[in-house]
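Sequences listed follow chains E and U, in order. Going by this note's numbering, 95 is the number at position 81 of the first sequence; the sequence numbering is gapless. Going by this note's numbering, 150 is the number at position 11 of the second sequence; the sequence numbering is gapless.
Keep in mind that the hints are not guaranteed to be accurate.
[Said to hold, decoys possible] Simulated restraints on C-beta separations:
hint : chain 1 : residue 1 : chain 2 : residue 2 : range
1    : U       : Ser191    : E       : Gly53     : 43 to 53 Å
2    : E       : Asp100    : U       : Ala141    : 20 to 30 Å
3    : U       : Gly267    : E       : Ser93     : 32 to 42 Å
[Unchecked claim] Examples of chain E residues lying across from chain U (beta carbon under 7 Å, computed):
hint : residue
4    : Gly27
5    : Arg31
6    : Ile61
Bear in mind the hints are in silico, worked out from the structure with no lab data behind them. What you are looking at is a predicted structure, and each value in this text was computed from that prediction instead of being measured. No residue lacks a Cβ here, since even glycine has one placed at the ideal position from N, Cα and C.
As a plain string of letters, each chain reads:
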Amino acid sequence: MLERELSVINRLGLHARASAKLVQLLGGFKSNAFLIGRGREVNAKSIMGVMLLAAAQGSTVLLRVDGPDEEAAMEAAASLFARYFDEGD
Amino acid sequence: MAVGLLLLTHPGIGAALHAVAQRVLGSQALSVGVFEVPFDAELDALSLRARSALARLDSGAGVLVLTDIYGASPSNLAARLEQAPVPMRRVSGLSLPMLLRVLNFSEQSLDQLAETAAQGGRSGIVCGHA
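Please build the complete structure, drawing on both the sequences and the hints.
So, in structure tokens, the structure goes:
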């Protein structure tokens with residue numbers, strides 16, 4: 015099991031399209047994935063779960079992945095956050 | 140083999156929700172059809188067209204029919220479709236959260252997906268902050 019704090023740095027935060035990208039990315043891995051923010055834990059492979067966090071720019075969330083490909087899943091997700099969800103800003 | 144998805148709604152609703160879902164999620168694993176029932180439509184006349192829309196969407200795993208308001212004509216038309224030979228489930232209260240959640244869990248069976256839709260609709264209602 016791996017956990018990492020991830021900073022939401024893109025301007026629009028975890029809005030619909032960013033959430034969809036994260037969910038689709040993690041859906042490609044076997045590991046289970048959860049996001050924790052503001053005391054709420056949600057399934058990071060569920061778009062409605064991720065959107066319930068309403069995580070804005072400047073916030074941090076904790077990603078927990080657990081499974082056979084957890085390292086690759088964590089790296090891929092951390093990279094997506096760091097790349098501003100490929101939104102440019 | 141994926142379930143088909145039919146949005147059976149009042150005018151303007153199904154197509155708009157589908158367009159937003161496509162924009163948010165990109166290409167989708169489910170085949171989605173939109174059937175908008177005009178105001179004052181004659182349901183008998185529409186039944187045939189709705190049935191063929193349903194049949195086109197079925198690849199063997201059945202079709203999930205999402206309607207906007209229970210008891211309204213689109214939903215009543217969906218009820219008639221239950222007599223068609225295609226396996227189907229219908230869920231009312233179509234919303235963007237419901238639709239996104241269904242498309243998110245596209246690998247599920249027809250029965251599972253009906254539950255997923257209902258849960259997505261419920262969890263989409265949040266008063267103030269979640």
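Results for each hint:
1. U:Ser191 to E:Gly53: 43 to 53 Å: Distance hint for U:Ser191, E:Gly53 holds at roughly 50 Å.
2. E:Asp100 to U:Ala141: 20 to 30 Å: At 27 Å between Cβs, range holds.
3. U:Gly267 to E:Ser93: 32 to 42 Å: holds (33 Å)
4. Gly27: violated (14 Å)
5. Arg31: Holds - the Cβ of E:Arg31 comes within 7 Å of chain U, reaching about 5 Å at its closest.
6. Ile61: At about 5 Å, which falls below the 7 Å cut-off, the nearest Cβ of chain U leaves the hint on E:Ile61 intact, so it holds.
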